[in-house]
Amino acid sequence: MSEFLQLAFSGLTVGAIYALIGLGFTLIYNASDVINFAQGDFVMIGGMGTVFLMAAGLPLPVAALIALAAAVLVGLLLHRLAIEPARGASPVTLIMITIGASIFIKGVSQIIFDKQFHSLPAFSGDTPIPVGGATILPQSLWVMGTALALVVALYLFLEHTLVGKAVLATAANRLAAKLVGINVALVLALAFGLSAAIGALAGVVATPITLTRYDIGTLFTLKGFAAAMLGGMGNPVGAVVGGLLIGLIETFAAGYLSSTYKDAVAFLMILLVLLFLPRGLFGSRSVERV
Amino acid sequence: MKAVLRSRLTPLLALALVMALVPMIAPTSFHLRVAALVWIFALAALGLTILMGYAGQVSLGHAGFLGIGAYAVAIGPARLGLDPILCLVLGAVLAGLVAYGVGRPILKLKGYYLAIATLGFGVIVALVLHSETELTGGPDGMAVSRITLFGWRVTGALNWYWVSAGALLVGALLALNIAASPTGRALRALHDSEVAAAGAGIDVSAKKLAAFVVAAVYAAVAGGLLAAMNGLITPEAASFSHSVELVAMVIIGGLGSVFGTVLGAAFLVVLPQTLTAFQEYEQAVLGLLIMVFMIFLPQGIVPSLRALIEERLP
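Those sequence lines, one after another, are chains G and R.
Letter by letter, the first sequence follows residues 110 to 399 in the working numbering.
Letter by letter, the second sequence follows residues 3 to 316 in the working numbering.
Chain R extracted, bound-state conformation (with noise of 0.2 Å):
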């Protein structure tokens, strides 16, 4: 049981089990947008856990790189006549050379350095957004024409929700197997300590510039697709909001665990919808929750639940 737990393949064939029964339980086009939804934000939450789960290294401006490749869907058919699927490549490869661009000075920067320094990328990336109006729409947004996937347009809520479930799946299977390389565990190392990392051979500032880049392509690609299926985008994808709720996805599924970001993700995306009717509380609720849930779980869902029951067994 211990080793069912354990296994790499475990949270993948769970997340698939959930992807295949959604669409039995739920079948409204409704519920189905908030689940594709939900595997969009979980696959931006995922990147994020390999640079803060993996590498320990923090972003408070993560949804600019999600805001990247948002835009990059919506700019380059609309401005530059470009197909929307080599867009969407487009803006992973620019999220990725930013990453690097940016991280190469800033991820030598610790603790809250580095979150002031992440903060105020974001905080640029979302007022070039909003301030570039002839290219971005300003703040109003831009519309986003739709994709097509060798001659299938993809519409509808049924066709998205398996998009993004695809998408998510093959973004958890390469963070597993990214956990359980030699980089994986090189990450690790510097999690605990950097110097003892480094005295252990490891290119510190490499492995951490890595995780950045492949954190920045998972946060891009998520924006592309959430720009393709809503059909329309405005700054707020960028802004320190956003971040801010990538970042409480990660922790609050548990820092580190693949599944648990899924499950930070669902939560995060399904309390907003199911708190429509309380609007006004909406807000107050979700700060108390975010507290709450840093407070007494400050491990996080899953491996708390996984302390738990590994500790019941024999």
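One chain only, chain G, in its complex shape (with noise of 0.2 Å):
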């Protein structure tokens, strides 16, 4: 039981990073239609940034804003000088635009970082809290509060301010937000701004955990694109349920099965997923149109 509620812990501590990502992936997704692959390098630069940050003499909570600050720079930039020049271009073309964006990131990272792997200091210590037979780390509560933090935070701006209600129009259908006056060139840019901070965010709080290095980003570009599609694409509840779900398969893949397969055992459920519901576990049952 407590080897259960062990890697219970651990797989939602994972999960709240899968999730993280998948919400931003969802939260581009829907105002833009496009699959952003730089997603995870966001999280790099959250957590890369805060490492370097601090090792030039920064506290913690100004090496992170300052870094959060680069990435939400860096997601605004690849809005506008990569995806809105190539408006109206097709889904694998606009694929190939943030995979390029990715690579260039990571290309950049290495140059202004270096190629080692960096952690940074927990939180609060390193001492686990004993829970019911298992033990639990800090910085683990610390990524999951933050994701449920910045869940709660988001549903309230979306569904609660006017700004985040043109986000929503804007989603479920452009022209007749456009039609109503919302500004949509400025959506599109907040979402992707948005985006960034959430990835970098979780940058920071995971890499005590996680380690980083510049080229992190695409496992976790990888594993936050399967919970948002194991959710349902455009799905804000479901890329949450999604990340939860595959960092738990995982670590209890890993644990009770073998650590070698749980990349795989994870994209074995998405594949069995995707073949009973083709639009994910949340996703809306359209029909086509012809």
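Some hints here could point you the wrong way.
What the hints assert, rightly or not - The calculated SDA-like cross-link candidates involving lysine to any residue, where the alpha carbons are at most 25 Å apart (straight line), are: (1) R:K110 x R:A199; (2) G:K224 x R:H132; (3) G:K274 x G:W251; (4) R:K112 x G:L384; (5) R:K110 x R:A198; (6) R:K112 x G:L381; (7) G:K274 x G:G302; (8) G:K371 x R:E136; (9) G:K371 x R:M144; (10) R:K112 x G:K274; (11) G:K287 x G:H269; (12) R:K112 x G:K287.
What the hints assert, rightly or not - Pair ranges (Cβ atoms, derived): (13) R:A202 x G:L328: 42 to 50 Å; (14) R:D194 x G:A258: 55 to 63 Å; (15) G:F161 x R:G140: 27 to 35 Å; (16) R:P184 x G:F161: 55 to 63 Å; (17) G:L284 x R:G233: 54 to 62 Å.
Unchecked claim - According to the in silico footprint, chain R covers these stretches of chain G (three or more CB under 8 Å from chain R): (18) 190-200; (19) 205-218; (20) 332-338.
Hint data in this document are derived by calculation from the structure and do not stem from the laboratory.
Note that CB positions come from ideal geometry on N, CA and C, so glycine has one too.
Using the hints, build the complex out of the two chains.
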């Protein structure tokens, strides 16, 4: 039982990170129909930026804030310089643009930073907290708490502010949103900036656990993409549930089956889910119109 | 002139001409090896051209099939004592069968869902190659024995240059023939609209599956040649970034254009070789170029050029 609980804790911790990345995917996808393969690189920017700024002598909160701002800037530039000029391109072309952006960000990061693994000190110590026969690291609580806070904040923002409703309206129907006077260009920029901020924040809180390196983004992108897909592309609740599920599945698979194949198990699950629910767990059962 | 541009044989003749000229212009074994790599990757990308350019289905895990073909040529002779040529064929058959098994369910998916499903497939293949150390040698990869063609041991850059060039020419001829066949027309029809194609009596899922299997066989043959030429293979061959490069080759050259695919392969294989002096900047430049091409030439090099030339011609 305690082993089960232990695995569940680490599964939820990893899952919370995947959930945040999946949420970032969803935000951009809803606003612009783009699948952003550079999503995981925002996580890397958040982590690496904080590591290097702290090494330069800044305290953690300041370093994290600057890293966050840098990620938001990268997100806005990505939208302005790469996505906006290619408006109307096919989905595959858009995917390739963001993959190119991801390779570019990695390339620049290995020049600016380095090619080593880095870590951050845990925010509130390394003493494990005993819970029901298992233990949980304080940093895990930071990760889960941050994820929860972000999800709640995002929900409040989308449902209860005018700007948030504009984002939802744009996601539902871009043309109609334009007609009622919503500044769609601004909403798109907002989605990219917000999504970068969420990714970078996930990177800051996750780095003490996962470590970080210039190329760590790819794996995060794949898992976050899988999370968003599993839940049903475009559904924020789905992305969060999908992320937690993938985190749990791969941790349990690693614990009870084989740690070599934990990534395979996650993707196998996604293949199975997609076969039976081609639009994901929470996807709308839309009828194809001709 | 327009007829020449549109003819099926033009890209093939142009390709053969380039193949004949390269050894005269660049006879060093380094250049020949790079050129042979271009032909091999172009062969793998040609399969994707059929799948993506003709049928309009994306695969983000195609390096997985390349890996299957490559490891068949590596494992067969080393572990089972089979003839390498036989293994090349067996690898292609195996990749085709796997593509059939995997493709049947996942080709029902569309767009991004198909992208993640194929991506997942590629990741799983790479993981298996990475982890089954006893069979595949693990992350360090394994040595591949030399290929003997009818008693002729294929070694040296020039020999490999001609073998890979020959394989690519055959592959290109087949791809062009498929494009002009009823199946090719069916694929283009379902590319435009699956519903309309089905309405016209095309068995959409069977045709999509056929394109997927053919694409897998192309990649497996290319993988086998790659392994045999390098004499060494690592799981890197089946990695996600390799899958991405294959897709980039197809799109940069021009979606659906055979000559464009070769051009795209040449571009992405030669570029890193010329950037080795600036190794630090290689990744940044590569990413930037992919973005620039996708943004400004979303149709790819060859179709954009062709449109430009046809516009100028009377």
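We went through each hint and held it up to the structure:
1. A threshold of 25 Å between alpha carbons decides the hint, and for K110 of chain R with A199 of chain R the separation of about 15 Å falls inside it, so the pair holds.
2. For the given pair, K224 of chain G sits about 22 Å from H132 of chain R by alpha-carbon distance, which is consistent with the 25 Å threshold.
3. Proposed proximity of K274 of chain G and W251 of chain G is contradicted: the alpha carbons are some 29 Å apart, above 25 Å.
4. With a CA separation close to 12 Å, the supplied pair K112 of chain R and L384 of chain G stays within the 25 Å bound.
5. With a C-alpha separation of about 16 Å, the suggested pairing of K110 of chain R with A198 of chain R holds against the 25 Å cut-off.
6. A hinted pair counts as satisfied when its Cα atoms are at most 25 Å apart, and K112 of chain R with L381 of chain G qualifies at roughly 15 Å.
7. Restraint check: the Cα-Cα separation between K274 of chain G and G302 of chain G comes to about 17 Å, which is no more than 25 Å; the hinted pair holds.
8. The straight-line distance between the Cα atoms of K371 of chain G and E136 of chain R is roughly 19 Å, inside the 25 Å bound, and the hint therefore holds.
9. Simply put, K371 of chain G and M144 of chain R have alpha-carbon atoms about 24 Å apart, close enough for the 25 Å limit, and the pair holds.
10. The straight-line distance between the Cα atoms of K112 of chain R and K274 of chain G is roughly 29 Å, outside the 25 Å bound, and the hint therefore fails.
11. Taking the CA atoms of K287 of chain G and H269 of chain G, the gap is about 20 Å. The hint holds against a cut of 25 Å.
12. With a CA separation close to 28 Å, the supplied pair K112 of chain R and K287 of chain G exceeds the 25 Å bound.
13. For the pair A202 of chain R and L328 of chain G, the supplied restraint of 42 to 50 Å holds, since their beta-carbon distance comes to about 44 Å.
14. Between D194 of chain R and A258 of chain G, the C-beta spacing of about 47 Å breaks the proposed range 55 to 63 Å.
15. One distance hint, 27 to 35 Å for the beta-carbon pair F161 of chain G and G140 of chain R, holds here, with the actual separation near 33 Å.
16. Between P184 of chain R and F161 of chain G the beta carbons are some 60 Å apart, a value that agrees with the proposed interval 55 to 63 Å.
17. At roughly 58 Å, the beta carbons of L284 of chain G and G233 of chain R sit within the given window of 54 to 62 Å.
18. Residues of the segment 190-200 of chain G lying with their CB closer than 8 Å to a CB of chain R number 6, which satisfies the three-residue condition for coverage.
19. Counting residues of the segment 205-218 of chain G whose beta carbon lies closer than 8 Å to any beta carbon of chain R gives 12, which reaches the threshold of three, so the coverage claim holds.
20. Look at the segment 332-338 of chain G against chain R: 3 of its residues bring a Cβ nearer than 8 Å to a Cβ of that chain, three or more, so the hint holds.
Hints 3, 10, 12, 14 from the list above are not met by this structure, while the remaining hints are.
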